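Let's have the full structure, built from the sequences with the hints guiding it.
Start counting the sequence shown at 512; every next residue gets the next number (our numbering).
Take the hints with a grain of salt, since some may be wrong.
Label pairs and their computed distance ranges (CB to CB) [claimed, not checked]:
1) 633 - 654: 21 to 31 Å
2) 670 - 529: 39 to 49 Å
3) 678 - 554: 17 to 27 Å
4) 562 - 592: 17 to 27 Å
5) 518 - 654: 20 to 30 Å
6) 684 - 596: 20 to 30 Å
In short, the hints are calculated from the structure, not lab data. All figures in this text were calculated on a predicted structure; none of them were measured in a lab. Glycine included, C-beta positions come from ideal geometry on N, C-alpha and C.
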Amino acid sequence: QVLDQKVAESRDFWTWRRGRAWPEIRSVGLAHLEARVGPQDGAWPIGEELFPEIIATRHRVGQDQLWVTATTGLSAQRMAGVEQYLDDPDGAARIELAIARRTADQAGADLLGALARIPFGRCTWLGEGHTIGGAPGSYPAFGPDKAALLLTATPPAADGWPAPDLRGLSRRGTPVVYLWVLVIDEDTFRLARGRDARAALDHLAATGGSWIQ
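Written out as structure tokens, the structure is:
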């Protein structure tokens, strides 16, 4: 009976997904971002593949010199493998990615584009506290010492100013988690890998790091 239910749910999903799902996915996602962050002032397609469709859009935060770039479309599919690691996979199976910058450039969109291809390109998942490593100088647009990426839904505040609350979007009855992308140095990366992500986030907050990259 459980297997029959899974088959029925899968058939229903793909009937929807192969139809005219993308306009709905895009409009709902962008409306959510505009309500939570601010008006869109830039957009970029992610990847050359026709499926899954994903875009990155940049939104200005109020009248400040601050922009949030976020993906839309990544959450339309559940990521593979989450059920193997989490007791509550529904709370982490659908994500979007976000990054904040003080300049209205394309660096954030380019970085999100590379990350957004990981879950379905490698049949894996991205979640709270995950890191993507490199070496100092791997992310020159964000600083010569930046060596890795840290993903979190609860990044440190910037001078007491918390990141916009992006909660509230759901896809097919499942909540969407927006993971902020933090570009970190080698010391913070060692903390995240050697102990846990919370230690790395505490270190970032103590040393002036925040959700703004």
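Violated constraints from the hint list, given by number and in increasing order: 5
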